[in-house]
Structures are given as structure tokens and as C-alpha cells.
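Peer 1: Here is how the chains run, residue by residue.
There are 2 protein chains.
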Amino acid sequence: MDINGETLVETTISDVGTYENQEVTLKGWLYNKRSSGRIMFLILRDGTGIIQCVASKKDIGEDLFSRLGKLNQESSLVVRGIVRGDSRAPGGYEIGVTGCTIVSEAFDDYPISLKEHGVEFLLDHRHLWMRTPRQRSILLIRSEIIKACRDFLDGEGFVNVDAPIMTPSACEGTTTLFPVEYFGEQAYLSQSGQLYNEAAIMSLGKVYCFGPTFRAEKSKTRRHLTEFWMIEPEAAFMEFEEMLELEERMICFILERVLTGCGHLLKEIGRDTERLTGITPPFPRLTYTEAVGLLKQRGIDIAWGDDFGAPYETAIASEFDKPVFVTHFPTKIKAFYMQPDPDNPDCVLGADLLAPEGYGEIIGGGQRIHDYDLLLERLNQHNLPAKDYEWYLDLRRYGSVPHSGFGMGIERAVAWICGLEHVRETIPFPRMINRLRP
Amino acid sequence: MDINGETLVETTISDVGTYENQEVTLKGWLYNKRSSGRIMFLILRDGTGIIQCVASKKDIGEDLFSRLGKLNQESSLVVRGIVRGDSRAPGGYEIGVTGCTIVSEAFDDYPISLKEHGVEFLLDHRHLWMRTPRQRSILLIRSEIIKACRDFLDGEGFVNVDAPIMTPSACEGTTTLFPVEYFGEQAYLSQSGQLYNEAAIMSLGKVYCFGPTFRAEKSKTRRHLTEFWMIEPEAAFMEFEEMLELEERMICFILERVLTGCGHLLKEIGRDTERLTGITPPFPRLTYTEAVGLLKQRGIDIAWGDDFGAPYETAIASEFDKPVFVTHFPTKIKAFYMQPDPDNPDCVLGADLLAPEGYGEIIGGGQRIHDYDLLLERLNQHNLPAKDYEWYLDLRRYGSVPHSGFGMGIERAVAWICGLEHVRETIPFPRMINRLRP
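So the protein lines, in turn, are chains F and U.
The numbers in our numbering rise by one with no breaks, and the one at position 197 of the first sequence is 197.
The numbers in our numbering rise by one with no breaks, and the one at position 13 of the second sequence is 13.
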């Protein structure tokens, strides 16, 4: 960085400690400021952190001091100064300002002030809201969770294989599809990459896809987005029990990573990390039938065969400190591809993993039907046209093997790990029934 | 793995070397077989590799020997046997079969035989075609390229921030949009995450998105898919020159990773890796004006101000052994957000990176307009409704900074690195104008 002809070390707020007592330049935005006559405190943020810069009229001159004094929040700056250790500072350092270039003065009507705002207003200004420390922390934790998922699966020998987004048919029910006009044909946005993963495992053994998935959910709940990201591992020869163990290992790997790498961020957003520590395999397991029994004991009116709603999930999860598996759902309430339990064909080898503290289902998965005749029968029972699924049936014609897989919704996992009330804060630009902007 | 009550080491073909002279089990698919009377050679693949399993009638008995002899290609098997070193074997080992369980006998009409097929036939059977060694290798290389991109950007301090897919307005021109009906509103599938990245850098400094992007390209060329994956880094305060250097480092990082980790796969698909070695920064740079001059010298009829077509790109790239930057395109042929060159406002600080050997543009990028008034003027010149871009204008109202970014098309990069004639082989399930299936 060359300011006024001198070359200085250019660094970031997260790295200033490396340059104690040296003069550096920082580039960022004015988050806040206060002045006491001849001294001004500029709070600078730069994406990597936040730091106090102390400017005195004596050091920087009347003119610059006065211009800085008039700056609005969010103005962009290049600050030059000496890095000083300061045990009272949040990051341990402050900057003794020696010079400053104002890159761009922010207009004086910055919508996101440091006071409280209504959530619709914040969502309308998501592009600015995301600059606040809390939202930044959540986005950083999201990024770490995604990286942890990938590193875990890569380490277990899974190959990243991306499934298509525009598809000719439905995977998870036909009522929540977003239609796309595809050169005169009707296509739909993918609800899951699972069926395509099932093809890929026959080539690569173990695969995962990670991409956006779409459900035209008309429900406005704190758990639903219309566009959400899902990581979906699938493996040939992996049977139900092995799949549950893979889920346990993945969740524990993610928690370990986030607690180690993002502990300070979790603290900043006020997450009680005690609730996330000590979560180790095995996770408790309940069959659907046991879960229904438990709910009845707790006075909840549910009949065997009813699907689980969010309140039921919360009631079950509240009994445990760890995520809990609910397994062996009734065949009739589950998707056509689920493998029946050999001991009881009225139930399937499927499992939902419910997060603690009422965050609901974060993973859904199971063993898939590998028998050709049974799969064909199920397609017919579900009134799905076999013609559309010929390629999927091919996977059972040519070298079918027992196989399983699951999908973890990234936003649900982020909501749980960050302890957020609503999934809308877990993704950079949320899409909900009434929200397509910005 | 428990077969007949005995517990054996279960391993994969890639790991058999660890168990030389031990008895192991392998799970996979029959890729080919041949028999010479009392000995049968079963070629097994399992996703991690391919190995010859030698079965003798004496060791496994008449009955099993005869059943194996009748198996069709792609039948799934659990093979038990002794790992034997064999210097003639491609992987250095073969299996002396001691037992075998047939998991599923493939139907006898497997469409992808070991002979040649037409490409439309192969694309119709993509779910099976992907099992062939060549397609498997390409998918593995693709996966490594994606991982390399992410590792590179993570290592450079970029934060993964996913951009939305369903968007209310266009980023790259309005003629190639896929419309989606969004609860009665008109939405479009994203063509680029760039505009959203520009919001995110003001929070996080350096970000990247990586996801599917969509262009309703009516052209049937060997470089175009309607759905393709793009990795898009963007950084606050990063100016044009710095961006070019980031591109150079990223390309070299990817090549290094692929040559190191996937050298055997490149060899398998017949790629001349000599063409990929020794590619180091700096890459040659031509301004658009220089490129036009060069094309004219080569007898090509082009006028200053014409857009570059694929044949022009190929002609330019063929002059160099490395990827080449073409920079400073005429303002009037580029997108509204491109920063004008301060020395010549008729050109922009934008660059395309052209791969060698005629693979065309693999990266497009540039510095973005950071001045509010200029951006507003450009929106008007391009007849884009300022109302739809209010949020994007906000980024220039509140703390605007010079910034740049680029997008690399994964499939174009895979095609170049693998040396493929057509991008349709670079993605698990390609989508083109006439192809939405399987």
C-alpha cells in the first residue's frame, strides 16, 4: 500500500497482532465513532474483525480530524497507524492513527442504525443487515459448517458429484414443486439429488452432492425456506445401521470443528456452547412406534400412522441432550423408495435425526429399495409413472446393491448450532413464500 | 463382513495393497470376465478401482464356478479371496478367489456394452455410461478440481457465502433467462452470484460463492450447457491487477493439485499432461485492442468493437502455451457494472482468461463500478430499471470501495484439464437445449 509515497505493511484486523508497535494500513468501514474534544475513537471493521482506532487532532491535523468527525457510519476508510497492545481492547490491540484516506463517504441515511429494527425491515435490507457483527458471525459459522461437512465426507472417501437442478420429475412428493419452462418442456427445480446419487454410487461407490434444493412450501414457519442447501451422501453397500453411524460421526465432526474454530463467534452471538459440548456417539434411538408411545405418555394426541409435525419432534427431542434418531416409520407415510424393514414390512428402514432444543429434523435418510420388482410395485402404488423412472429402475436391473444415504439441511444445522430462532438468519439471502428480494 | 460365519477384512480395491497375502472381501460389480476351462478371470470394479479376481473350479467348487460363468456384466458381487502381488496387474495386485456371494444378477440386456456407442445413446443412458472407466475418471478429476478451488480460496482467506438461485432480476443479459413462477411472481434462475457477492464483501471482505448457474442458451455448441457450476470469488479493495494475479495463482494451484493427485487418471483418459505442466505465472496479457490487431494479422476479419466469438478465442489462445488474458474490452460490449479504465473510459477493467488448445474462456472477471453516479448512469444506459437495483445501488451509497471478482466455469475448466472435446462429459448429468433427461 502506497499512501503519500511511503510503503507500509498492509494487513487485516485479525492479523494486527503480528505487527505490534509497527505502522500498518488497514482498509475497512467505519462501524461507530465517538469524540472527546481533541481525541476521536473510530471503530473500524474490515470483514476479519473490529478494532478501535484512536486519532488525535495533534497527530493528524485539524483538517483531517474535522473531516473524520463528520463521517457517517459505514464510510469506507484506509487507516494508517501504529499497532498498540491494549489489554482492555476486545481483540487485544488498538491503532494509534497516523493518517487516513477516506475512500467513500457514506450517504447520511444509513438504514441499519445501531438500534433495534423489525425483522421485515431487516430482511428488506439484508444486503446491509449482513454487515452487523451478529449476522457476520452467523455467516462465518455457516461457512465453517459447510467446510466441515465436505472435509468429513472427503476424509471418509466420498466423491463430490453434483446432481442436476433442473429435473423432469419429482423426488419428494409432487405438491411442492417449482416449475421451470425448459425450451417448451416442463421441468422442475430439484428437491433432492438422491435419485441421481443412487446412479453415481454404482460408478464411484460413495458420493455426495451439495447444492441448493427447492420446495414450494406454502407454510410460513421458522423452519422453512423455499430455497435451501443440502448435503447428501449416498453409498453402495451401506446398510441402515452403518448409515446411522455415519450420521453420528458427521454431526460430531461438525460440532468439534465449530467449537474449536468458531468458539469466539458462538460466544459473540450468545450461544450457550455447553449445550453443544459432550455430544458423542451413540445417539439415542427410538422407533416411530416407541416415539408414538412416548408422545402418548406425555399426553399428546397421536395415533400410530400419523405423520410427525414440528411440535411432536420438539416434544421427543426435549427428552434428550443429544440429537435423537426416530427410525422405522410406517411405510405408508414415507417416500416410495424406502426399503421395508425385513422384520416388519409395514415400517421402513428410514430415520430422521432430530436436533436437541426444539430445532427439529436436521437429517432425513434411509436405506433404499434395491429389489427391482418391489421398486416397480411401489412406483405403481404411489401413482408415479414408471416411464419417468426407467433410468432409476435400470439401477435395479443392472447390478443392484443394498445402499443408503441421507440429506442434511444446512440451514437447519446452522440454526441449531447457532441457537437461532428462525432459519431466515442462517443463509445469506433467504427465500420464503413472501420473500424473493433482495 | 461376515460370510459363512467367518469375519474377514473388508476393504476396497484401492487399498488391497495393505493386505498382501491376506484374505479379504471386496464388494463391487463385474466389469468383464473370461474363462479358460477350469480358471475364470473376473474383472471387478468397486468405485475405488478395478482388479482381476482369479477363480478356479477346484477352489470354489463346480456349482459356484458355473453360476459365476453365467453372470452378465454389471452383476454385483461380494468377492472373498487372497490378495496376491502381481507385477503384470494394472494396480499391482490380483485376488485369488476363495468364495463369492452374488448380490444381484444383472439383467441380460445391459445397454452399455464394451463396444462403441453413439453419443446421444450414451447421454440417454448417462446413469449407466458414468460407470465406464473413462467417465469415472473424469468425474473424479472434476471432484478434485472443485476441491482445489475451495481449498485455494479458503487458504487465501475467502469466506464461502452462497448466493441465491431464485432471483427477481437478471445479471448477465436478459435474453437467456429461465423463468420460474414464484408464488404468482416472476423469478429467474441465477446467471451469476456476483451482485450478491458484492453485498457480502462489505460484510466479510473476501467471499466466494459456488453453485449452479443457468443460461437458457439456444446455441448447441461444444462449450455450452444450460446448467453449469461456477465458482465466483469477490473481494473488497481488490483492484484489477490484483485480481489477475489471484486468477493466475488459482489456476496454477488447481493444475498442481490435479497433476499431483490425479496424474494416473489423466493418463487413463489419454490426456497429454505435458500440455499442463510448467504453467506458471505470469500469464501472457493482451488488451482487446492488441488482440484485434493480432487477429487481423492472422487474416481474420474483425473490427474494433466486435464481440469475440469462440473461433477468435481459439485463434488467440493458439498463439500461447499458457492461458492468456484478454483485457480492456470496449465498454459498449460489456455488462453495465464494469469499471471503466481510468486511462481510457471507452474500455473497461475486465478480463477474460482463455485456456490453451482452443478451450475458450474459462474465467471472466473484472473490477466493478464503485461510484454511485456512474453506476446509476450505466443502469439507465442499459435500460435496466433502477428500482430493481436499489439494493445494489445501496452498496455504492454506504461505504463503497474499489472491488473486483471473477467467475470460473467448472465445466470449461474440467474440459480443458481433461482435454475433452465437449463439456457434456464434464458434469454428472448434463443439461443442454435438447436434453433434460435422465
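If you're looking for bench data, these hints aren't it; they were derived computationally from the structure.
Predicted, not measured: the structure shown is a model, and the values here were computed from it.
Take the hints with a grain of salt, since some may be wrong.
Treat identical chains as interchangeable: a pair holds within one or across any two.
[Claimed, not checked] Computed list of lysine to aspartate or glutamate pairs in EDC-like fashion (alpha-carbon distance at most 20 Å, straight line):
{"no.": "1", "residue 1": "Lys220", "residue 2": "Glu181"}
{"no.": "2", "residue 1": "Lys115", "residue 2": "Asp301"}
{"no.": "3", "residue 1": "Lys218", "residue 2": "Glu185"}
{"no.": "4", "residue 1": "Lys33", "residue 2": "Glu116"}
{"no.": "5", "residue 1": "Lys267", "residue 2": "Glu361"}
{"no.": "6", "residue 1": "Lys387", "residue 2": "Asp109"}
{"no.": "7", "residue 1": "Lys334", "residue 2": "Asp15"}
{"no.": "8", "residue 1": "Lys147", "residue 2": "Asp272"}
{"no.": "9", "residue 1": "Lys115", "residue 2": "Asp341"}
{"no.": "10", "residue 1": "Lys387", "residue 2": "Glu239"}
{"no.": "11", "residue 1": "Lys387", "residue 2": "Asp63"}
{"no.": "12", "residue 1": "Lys147", "residue 2": "Asp343"}
{"no.": "13", "residue 1": "Lys33", "residue 2": "Asp154"}
{"no.": "14", "residue 1": "Lys220", "residue 2": "Asp124"}
{"no.": "15", "residue 1": "Lys58", "residue 2": "Glu390"}
{"no.": "16", "residue 1": "Lys147", "residue 2": "Glu248"}
Peer 1: Indicate, hint by hint, whether the structure satisfies it.
Peer 2: Against the structure, the hints come out as follows:
Taking the shortest Cα distances, lysine 220 and glutamate 181 sit within 20 Å of each other only across copies (18 Å), while inside one copy they are farther apart (26 Å). When the C-alpha separation of lysine 115 and aspartate 301 is checked against a cutoff of 20 Å, the pair qualifies neither within a copy, at 44 Å, nor between copies, at 62 Å. With identical chains, the CA atoms of lysine 218 and glutamate 185 are at most 20 Å apart between copies only, with a shortest distance of 14 Å across copies and 25 Å within one. Within a single copy, lysine 33 and glutamate 116 get their C-alpha atoms as close as 18 Å, which meets the 20 Å cut-off; across copies the closest is 71 Å, which misses it.
In this assembly of identical chains, the alpha carbons of lysine 267 and glutamate 361 never lie at most 20 Å apart, being 25 Å within a copy and 45 Å across copies at closest. Taking the shortest alpha-carbon separations for lysine 387 and aspartate 109, only the inter-copy value of 18 Å comes in at or below 20 Å, while the best intra-copy value is 59 Å. Taking the shortest alpha-carbon separations for lysine 334 and aspartate 15, neither the intra-copy value of 51 Å nor the inter-copy value of 38 Å comes in at or below 20 Å. In this homomeric assembly, lysine 147 and aspartate 272 never come within 20 Å of each other (Cα to Cα): the closest approach is 22 Å inside a single copy and 33 Å across copies.
Within a single copy, lysine 115 and aspartate 341 get their C-alpha atoms no closer than 55 Å, and across copies no closer than 40 Å, so neither meets the 20 Å cut-off. Taking the closest pair of Cα atoms, lysine 387 and glutamate 239 never come within 20 Å of each other, the shortest separation being 28 Å inside a single copy and 54 Å across copies. In this homomeric assembly, lysine 387 and aspartate 63 never come within 20 Å of each other (Cα to Cα): the closest approach is 77 Å inside a single copy and 38 Å across copies. Taking the closest pair of Cα atoms, lysine 147 and aspartate 343 never come within 20 Å of each other, the shortest separation being 39 Å inside a single copy and 42 Å across copies.
In this assembly of identical chains, lysine 33 and aspartate 154 lie within 20 Å of each other by CA distance neither inside one copy nor across copies; the values are 45 Å within and 32 Å between. When the C-alpha separation of lysine 220 and aspartate 124 is checked against a cutoff of 20 Å, the pair qualifies only within one copy, where the shortest distance is 17 Å, while the shortest distance between copies is 40 Å. For the homomeric pair lysine 58 and glutamate 390, neither the shortest alpha-carbon distance inside one copy (79 Å) nor that between copies (41 Å) is at most 20 Å. With identical chains, the CA atoms of lysine 147 and glutamate 248 are at most 20 Å apart within one copy only, with a shortest distance of 17 Å there and 24 Å across copies.
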